[in-house]
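Just so you know, the sequences run in chain order A and B.
Numbers 1 to 506, taken from the working numbering, label the letters of the first sequence in order.
Numbers 1 to 456, taken from the working numbering, label the letters of the second sequence in order.
These are computed hints drawn from the structure, not numbers from a lab.
Note that beta-carbon positions come from the ideal geometry of N, C-alpha and C, so glycine has one too.
Where hints are given, some of them may not hold.
Claimed, not checked - Derived DSSO-like pairs (lysine-lysine); straight-line CA-CA distance at most 27 Å: (1) Lys351(A) / Lys390(A); (2) Lys450(B) / Lys357(B); (3) Lys403(B) / Lys226(B); (4) Lys226(B) / Lys327(B); (5) Lys146(B) / Lys390(A); (6) Lys481(A) / Lys351(A); (7) Lys146(B) / Lys351(A); (8) Lys226(B) / Lys64(A); (9) Lys157(A) / Lys72(A); (10) Lys351(A) / Lys205(B); (11) Lys146(B) / Lys205(B); (12) Lys390(A) / Lys481(A).
What the hints assert, rightly or not - Okay, the calculated beta carbon distance ranges per label pair: (13) Gly161(A) / Asp34(B): 27 to 35 Å; (14) Glu402(A) / Ala194(B): 42 to 50 Å; (15) Gln412(B) / Pro51(A): 38 to 46 Å; (16) Arg196(A) / Lys67(B): 34 to 42 Å; (17) Arg243(A) / Ala194(B): 38 to 46 Å; (18) Tyr90(B) / Thr321(A): 35 to 43 Å; (19) Tyr90(B) / Glu402(A): 18 to 26 Å; (20) Pro51(A) / Met193(B): 35 to 43 Å; (21) Tyr90(B) / Ser239(A): 37 to 45 Å; (22) Lys72(A) / Glu353(B): 54 to 62 Å; (23) Gln442(B) / Pro51(A): 56 to 64 Å; (24) His85(A) / Ser32(B): 22 to 30 Å; (25) Thr259(A) / Ser32(B): 53 to 61 Å; (26) Pro285(A) / Glu353(B): 49 to 57 Å.
Said to hold, decoys possible - Here are some chain B residues pointing at chain A (derived, C-beta under 7 Å): (27) Gly39; (28) Asn164; (29) Thr386.
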Amino acid sequence: MTRFAQDGRDGRDGRDGPARRLPRVRQFMTVPTVSAVLFALSALPAFAQAPTTPPPVAAPAGLKLPPIQLAKLPNGLSLRLVEMHEVPLVQATLRVKGGGRLDGDRSGLASFTANLLDEGAGDRDAFGIAEQAAFLGADIGTTADWDYLVVNLNTPKRTLGDALDLMADVALRPTFKSADVSRERDLRLAQIIQQRDQPGGMATLAFGAIVFPAAHPYHRPLGGDSAAVVRFDSATVRSFYTRVFRPDQAELVITGDITMAEARAEVSRRFGRWIPNRMAVLRPPVPAPLPRPARRTVCLVDKPGAAQSVIMIGSPGVSRTNPDYPAIEVMNTILGGSFSSRLNQNLRETKGYTYGAGSGFTYRPVPGPFVARAAVRTDVTDSSLVEFFKELNSIRDSAVSEIELERARNYIVFGLPGEFETTGQMASQVAELLTFGLPPTYFDTYVGQVRRVSRADVQRVARQYFDPAQVDVVVVGDVEKIRPGIEALGLGPVTVRDLEGREVGR
Amino acid sequence: MRTHPGGWSALLACTTAASLSAQAPALRVPVSVDTLANGLAVIVHEDHSVPIVAVNLWYHVGSGDEKAGRTGFAHLFEHLMFMGSEHAEYPAFDRLLEAAGADNNGSTTEDRTNYYEYGPASALPLMLWLEADRMGGLVPVMTGEKVDLQRDVVKNERRQSYENQPYGLANETILALLYPRGHPYSWPVIGSMADLSAASLEDVKDFFRRYYAPNNASLVVAGDVKSPEVLRLAREYFSGIPRGPETARSEAALVSLARDTSGVLEDRVQLARLYYVWPTVRGFTPDDPALELLAYLLAGEKNSRLTHALVYDRQIASSVYAYQDGKRIAGDFSVVATAKPAQALPDLQRVIETELKRIAADGPTAREVDQARNATEASFLRRLETVNEKADALNGYYVRLGKPDMFEEHLQRYRAVTAEDIQRVARQYLQAPRVVLSVVPQGRADLAAKIEEVTP
Numbered sequence: 001m002t003r004f005a006q007d008g009r010d011g012r013d014g015r016d017g018p019a020r021r022l023p024r025v026r027q028f029m030t031v032p033t034v035s036a037v038l039f040a041l042s043a044l045p046a047f048a049q050a051p052t053t054p055p056p057v058a059a060p061a062g063l064k065l066p067p068i069q070l071a072k073l074p075n076g077l078s079l080r081l082v083e084m085h086e087v088p089l090v091q092a093t094l095r096v097k098g099g100g101r102l103d104g105d106r107s108g109l110a111s112f113t114a115n116l117l118d119e120g121a122g123d124r125d126a127f128g129i130a131e132q133a134a135f136l137g138a139d140i141g142t143t144a145d146w147d148y149l150v151v152n153l154n155t156p157k158r159t160l161g162d163a164l165d166l167m168a169d170v171a172l173r174p175t176f177k178s179a180d181v182s183r184e185r186d187l188r189l190a191q192i193i194q195q196r197d198q199p200g201g202m203a204t205l206a207f208g209a210i211v212f213p214a215a216h217p218y219h220r221p222l223g224g225d226s227a228a229v230v231r232f233d234s235a236t237v238r239s240f241y242t243r244v245f246r247p248d249q250a251e252l253v254i255t256g257d258i259t260m261a262e263a264r265a266e267v268s269r270r271f272g273r274w275i276p277n278r279m280a281v282l283r284p285p286v287p288a289p290l291p292r293p294a295r296r297t298v299c300l301v302d303k304p305g306a307a308q309s310v311i312m313i314g315s316p317g318v319s320r321t322n323p324d325y326p327a328i329e330v331m332n333t334i335l336g337g338s339f340s341s342r343l344n345q346n347l348r349e350t351k352g353y354t355y356g357a358g359s360g361f362t363y364r365p366v367p368g369p370f371v372a373r374a375a376v377r378t379d380v381t382d383s384s385l386v387e388f389f390k391e392l393n394s395i396r397d398s399a400v401s402e403i404e405l406e407r408a409r410n411y412i413v414f415g416l417p418g419e420f421e422t423t424g425q426m427a428s429q430v431a432e433l434l435t436f437g438l439p440p441t442y443f444d445t446y447v448g449q450v451r452r453v454s455r456a457d458v459q460r461v462a463r464q465y466f467d468p469a470q471v472d473v474v475v476v477g478d479v480e481k482i483r484p485g486i487e488a489l490g491l492g493p494v495t496v497r498d499l500e501g502r503e504v505g506r
Numbered sequence: 001m002r003t004h005p006g007g008w009s010a011l012l013a014c015t016t017a018a019s020l021s022a023q024a025p026a027l028r029v030p031v032s033v034d035t036l037a038n039g040l041a042v043i044v045h046e047d048h049s050v051p052i053v054a055v056n057l058w059y060h061v062g063s064g065d066e067k068a069g070r071t072g073f074a075h076l077f078e079h080l081m082f083m084g085s086e087h088a089e090y091p092a093f094d095r096l097l098e099a100a101g102a103d104n105n106g107s108t109t110e111d112r113t114n115y116y117e118y119g120p121a122s123a124l125p126l127m128l129w130l131e132a133d134r135m136g137g138l139v140p141v142m143t144g145e146k147v148d149l150q151r152d153v154v155k156n157e158r159r160q161s162y163e164n165q166p167y168g169l170a171n172e173t174i175l176a177l178l179y180p181r182g183h184p185y186s187w188p189v190i191g192s193m194a195d196l197s198a199a200s201l202e203d204v205k206d207f208f209r210r211y212y213a214p215n216n217a218s219l220v221v222a223g224d225v226k227s228p229e230v231l232r233l234a235r236e237y238f239s240g241i242p243r244g245p246e247t248a249r250s251e252a253a254l255v256s257l258a259r260d261t262s263g264v265l266e267d268r269v270q271l272a273r274l275y276y277v278w279p280t281v282r283g284f285t286p287d288d289p290a291l292e293l294l295a296y297l298l299a300g301e302k303n304s305r306l307t308h309a310l311v312y313d314r315q316i317a318s319s320v321y322a323y324q325d326g327k328r329i330a331g332d333f334s335v336v337a338t339a340k341p342a343q344a345l346p347d348l349q350r351v352i353e354t355e356l357k358r359i360a361a362d363g364p365t366a367r368e369v370d371q372a373r374n375a376t377e378a379s380f381l382r383r384l385e386t387v388n389e390k391a392d393a394l395n396g397y398y399v400r401l402g403k404p405d406m407f408e409e410h411l412q413r414y415r416a417v418t419a420e421d422i423q424r425v426a427r428q429y430l431q432a433p434r435v436v437l438s439v440v441p442q443g444r445a446d447l448a449a450k451i452e453e454v455t456p
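All chains, full assembly: derive it from the sequences and hints.
The structure is reproduced here in C-alpha cells:
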C-alpha cells in the first residue's frame with residue numbers, strides 16, 4: 001500500500017490549484033451503440049463569423065471493446081485478460097474473496113491484512129519491496145474492499161517477469177513479522193485519529209454507524225476502529241490471511257500489452273503451485289436486507305467552530321444486480337449525479353450554499369447506502385436541508401422533463417467510451433463484472449437498457465428506492481449554532497451523537 | 001492514455017532492469033502547431049485508438065497576476081467563465097456538453113488558468129464552439145448577480161477545502177512567511193474572504209478584456225481527430241475574436257530568506273504537523289529536476305531517507321512527504337511530516353536535520369539515484385495515460401518551453417541528473433534559511449518546533 005505519495009499535497013495547494021468543482025468519478029457505465037441525430041459538418045470559409053447557434057453533435061462512434069478472454073489454472077485460479085497492445089504496459093489485479101465483510105468483531109482486519117502484504121514478503125522487507133518495485137518502474141499496491149483482498153501491479157512490459165516475481169512474493173509469501181505488524185498497527189491508529197479530524201470523514205463514519213445497525217458489516221468502517229485495531233497482532237493477521245488467501249477463491253485480471261498464451265505461462269510459473277488450504281472456504285455472513293428506517297431522524301455530530309456543516313441524507317440502497325439499475329442510474333444522474341443535476345443546480349448554482357451537492361447509490365454485493373450529500377455554510381444548514389428535501393420529494397412527486405431525461409441518458413451512454421481509456425480502467429470494469437457475476441457480454445446490453453428508460457421509470461424508481469420520510473439525516477457541524485434552526489424544521493426527532501452513533505446528552 | 005499512445009508506443013520496449021531509460025527510443029507525441037491571425041495557438045495531437053477527444057485551453061493568467069486587494073480573483077473569474085456567454089446563455093454550457101456525453105472543468109494555479117472538455121470525438125465542434133463563444137462573448141451577458149452567486153460558491157470552496165480542513169490554513173501561512181509582502185506568490189490561489197467580497201462586476205470586465213484574449217491563450221486538442229479538421233473548426237469559431245492588448249507578465253522573482261522564520265498555528269487537529277519550506281528555483285530551470293529527485297529520495301518511497309528514519313526506524317511520524325514546486329517566476333521545496341499522537345515536533349526536527357545534513361555531506365548512493373530516476377520516469381509516463389493529461393502536458397510545455405512535444409527533452413533532464421547534482425542542490429538550497437511552521441492541537445503550543453534548533 002503506497003501511503004507516501006511523492007507529490008502528496010495535502011495541506012498545500014496542488015499544482016492544479018482550486019478547480020471549478022471537485023473532479024467527478026463517473027459511475028460504471030457501458031457501450032454506446034446509440035442512434036442520435038447525425039449531422040454533416042458543413043464546410044465553411046476559413047475566416048467566417050462563428051455561428052450563433054451551437055453546432056450539432058453527430059452520433060458518437062460505438063465503442064468496440066476487445067473481448068474478455070477466460071482461462072483457469074489447475075489450482076482453481078481464474079484468469080481474465082483483455083489485450084491492449086498500444087502501450088507496452090501491463091496491469092495485473094489479483095482479487096481474493098475475503099474482504100471487510102469477514103471482519104466480524106475485528107473491524108478493519110481485512111484492510112489491515114492487505115496493508116501488511118507489502119510490508120515484508122519473500123526475502124525482502126518493506127524497504128526491499130519498495131526499492132525493487134521502483135527500480136522496475138512498477139507500481140504495486142495492496143488494498144481491501146468489503147468483499148476482496150486486492151494486489152495490484154502496473155508495470156512496463158519489459159520488466160513484467162521481475163515485477164510478477166515481486167507480486168507473487170507479496171501475494172503468496174508475506175512475512176507478517178511482529179515488528180512490522182505493531183508498527184503498521186500504530187500507523188493505522190494514527191490514521192483513524194486523523195479521519196476523526198476531517199469533517200467529511202467524520203460524517204461518513206457517523207452515517208455508517210447510524211444507517212447500518214450494530215450487527216451489520218457496514219456499521220463500522222472498513223479501515224477499522226481503534227478498539228479493534230489495537231488488538232491486532234501477527235497471529236491475528238496471519239490466521240486471517242491463511243484462511244482466505246487461496247487460489248480457488250481468487251481471480252487475476254490482466255489488461256495491457258500481453259496475450260493469453262504469455263499471461264498463462266508467466267502466471268503459471270509464479271501462481272501455479274499455490275495450493276488451496278484444506279479448511280472450508282470462509283463465507284461472509286449475508287445480512288438480511290435492511291428495511292428503511294421507520295421514520296426520519298436527524299443526528300447531529302458536534303464540531304465546534306466548524307466553518308461548514310457536512311450533510312448526509314440517506315438509507316440502505318440497492319443491489320448492483322437489481323434489474324432497475326439502468327433506471328436508477330438515469331434517475332440519480334438527474335437528481336445528483338452530474339453537474340447539471342437538480343441538487344447541484346439548486347444548492348450550489350441557485351442558492352450559493354455549497355461548493356457542490358450530489359447524490360449516489362453505492363453498489364456492493366451487500367447493498368451500500370443511498371446518500372445525498374453536501375458541505376454547506378453553517379448559517380444556511382437548515383435552509384440547505386429544506387432544499388435537499390424539496391429535490392428528494394420533487395423527483396418522486398412529478399415526472400422529469402423529456403429534456404432532462406434525454407440529457408441524462410446521453411450523458412451516461414455517450415460518455416461510456418471514456419470509461420475504458422486506460423488499462424487500469426479496463427481492469428476495474430472487468431473486476432466489476434466479476435464482483436457482481438455479470439456476463440462478459442454485459443456491456444452490449446446495458447446501453448440499450450439505458451436508452452429505454454422512460455420518464456415513468458425514473459419516477460417509479462425514485463419512489464421505490466428511497467423515501468424522504470424514511471431517511472437518516474446526519475449533520476456534522478457546530479451543534480450550538482445549527483440545532484435551533486434544524487429543530488424548527490420539524491423533520492423528526494433530533495439527537496446529538498458521537499461518531500459511533502451513540503447518543504450524547506440531549 | 002495507456003491504450004493508445006500516438007507516437008510513444010515503443011518507449012519502454014528496449015529498457016533494461018538496471019535503468020528503464022538506458023536504451024529507450026525517443027519519446028514523441030507528434031503535434032501540429034498553428035497560430036491564427038489573432039494570435040491563438042492551436043496545437044493538435046492525433047490519437048485514434050479510442051473515439052475520444054480532449055480539448056484543453058490555457059489562458060496565461062493566474063493568481064500571480066492579481067492585484068493586491070483582489071487576491072483569489074483569477075480563480076473566481078474561472079468560475080464565472082461557466083456562467084454563460086453571448087450565444088450560450090447559462091446554463092447551456094454544462095447542459096449541451098452533458099447531452100453530448102462530455103465532461104468539463106477548469107482549474108487555476110499561480111501561473112495559468114485552464115479549461116477542458118473531455119468526451120466523444122463527435123462532440124469536438126460543440127466543445128470548440130462553446131470555448132470560442134465565451135472567449136469572444138462573456139462580457140455582454142455578465143451581471144452582478146452572476147458575480148455574487150459564484151462569489152458565494154468560491155467562498156464555500158474556501159471553507160470546504162481550506163478553513164474546514166485540518167491543516168487547511170497552513171499553506172497560506174507559509175506563503176506569507178516565505179514570500180515578501182506584495183510578491184505574486186505571497187497569497188494563495190483561493191484568495192482571502194475579504195478580497196473575494198471586494199471583487200466587483202467592473203473588475204470582472206477589466207480582467208476579461210486584459211487577459212481573456214486569443215493572443216493570451218493556447219488551445220490543445222488531443223484524441224481521435226484529424227488535424228486539418230480541428231484547424232478548420234478553430235478558424236471558423238475563433239478567428240472572428242479580436243486580438244487583445246499585449247500583456248507583459250512579471251519576470252522571475254526568486255526570493256531568499258535572511259534567517260529561519262517560524263510560525264505556530266493552533267488548529268482543530270489531534271496530530272501535530274511540521275512544515276519546512278525553502279525558497280528554490282523556477283520550474284524547467286537547471287536545478288529543478290535535481291530538486292525533484294532529491295524530494296523523491298527524501299520521502300518518495302518507504303525506503304526513502306526521511307520515511308525510513310521517521311516512520312520506520314524512529315516511528316515518531318505517521319507520514320512524511322517532500323516536493324519541489326517549480327513555478328513560473330519562483331519555486332519552493334517542502335518537507336511535511338505529521339507526528340504520531342502526542343509526539344512533540346522537535347524530535348522530528350532533529351531527525352530531519354540529521355538526514356538533510358547527511359545527504360548534503362555525502363550525497364546519495366548510485367542505487368538511490370537509479371531508483372529515483374526510474375520511479376520518476378515511470379510515474380512521468382503514467383501521467384500520460386489519458387488524452388486529458390497529454391493535452392494538458394502539451395499545453396504546459398508549449399507555454400513554458402515554446403514547443404509542445406517536449407516529453408523526451410523533459411525526460412532527458414531527469415536522466416542527466418547525477419549524484420553530485422543531488423548532493424549540491426541539497427547543500428545549496430536546503431542547508432539554508434527556511435520557513436518552519438508547526439501546526440499543533442489547540443492549547444498544545446508546547447509541541448511546536450524549536451526555531452533555535454534549525455538554524456544551520
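Hints, one by one, checked against the model:
{"no.": "1", "hint": "Lys351(A) / Lys390(A)", "in the structure": "holds, 13 Å"}
{"no.": "2", "hint": "Lys450(B) / Lys357(B)", "in the structure": "holds, 18 Å"}
{"no.": "3", "hint": "Lys403(B) / Lys226(B)", "in the structure": "holds, 20 Å"}
{"no.": "4", "hint": "Lys226(B) / Lys327(B)", "in the structure": "violated, 33 Å"}
{"no.": "5", "hint": "Lys146(B) / Lys390(A)", "in the structure": "holds, 24 Å"}
{"no.": "6", "hint": "Lys481(A) / Lys351(A)", "in the structure": "holds, 20 Å"}
{"no.": "7", "hint": "Lys146(B) / Lys351(A)", "in the structure": "holds, 11 Å"}
{"no.": "8", "hint": "Lys226(B) / Lys64(A)", "in the structure": "holds, 20 Å"}
{"no.": "9", "hint": "Lys157(A) / Lys72(A)", "in the structure": "holds, 22 Å"}
{"no.": "10", "hint": "Lys351(A) / Lys205(B)", "in the structure": "holds, 24 Å"}
{"no.": "11", "hint": "Lys146(B) / Lys205(B)", "in the structure": "holds, 13 Å"}
{"no.": "12", "hint": "Lys390(A) / Lys481(A)", "in the structure": "holds, 23 Å"}
{"no.": "13", "hint": "Gly161(A) / Asp34(B): 27 to 35 Å", "in the structure": "violated, 45 Å"}
{"no.": "14", "hint": "Glu402(A) / Ala194(B): 42 to 50 Å", "in the structure": "holds, 46 Å"}
{"no.": "15", "hint": "Gln412(B) / Pro51(A): 38 to 46 Å", "in the structure": "holds, 44 Å"}
{"no.": "16", "hint": "Arg196(A) / Lys67(B): 34 to 42 Å", "in the structure": "holds, 41 Å"}
{"no.": "17", "hint": "Arg243(A) / Ala194(B): 38 to 46 Å", "in the structure": "violated, 59 Å"}
{"no.": "18", "hint": "Tyr90(B) / Thr321(A): 35 to 43 Å", "in the structure": "holds, 40 Å"}
{"no.": "19", "hint": "Tyr90(B) / Glu402(A): 18 to 26 Å", "in the structure": "holds, 21 Å"}
{"no.": "20", "hint": "Pro51(A) / Met193(B): 35 to 43 Å", "in the structure": "holds, 41 Å"}
{"no.": "21", "hint": "Tyr90(B) / Ser239(A): 37 to 45 Å", "in the structure": "violated, 60 Å"}
{"no.": "22", "hint": "Lys72(A) / Glu353(B): 54 to 62 Å", "in the structure": "holds, 56 Å"}
{"no.": "23", "hint": "Gln442(B) / Pro51(A): 56 to 64 Å", "in the structure": "holds, 59 Å"}
{"no.": "24", "hint": "His85(A) / Ser32(B): 22 to 30 Å", "in the structure": "holds, 26 Å"}
{"no.": "25", "hint": "Thr259(A) / Ser32(B): 53 to 61 Å", "in the structure": "violated, 35 Å"}
{"no.": "26", "hint": "Pro285(A) / Glu353(B): 49 to 57 Å", "in the structure": "holds, 52 Å"}
{"no.": "27", "hint": "Gly39", "in the structure": "violated, 14 Å"}
{"no.": "28", "hint": "Asn164", "in the structure": "holds, 4 Å"}
{"no.": "29", "hint": "Thr386", "in the structure": "holds, 5 Å"}
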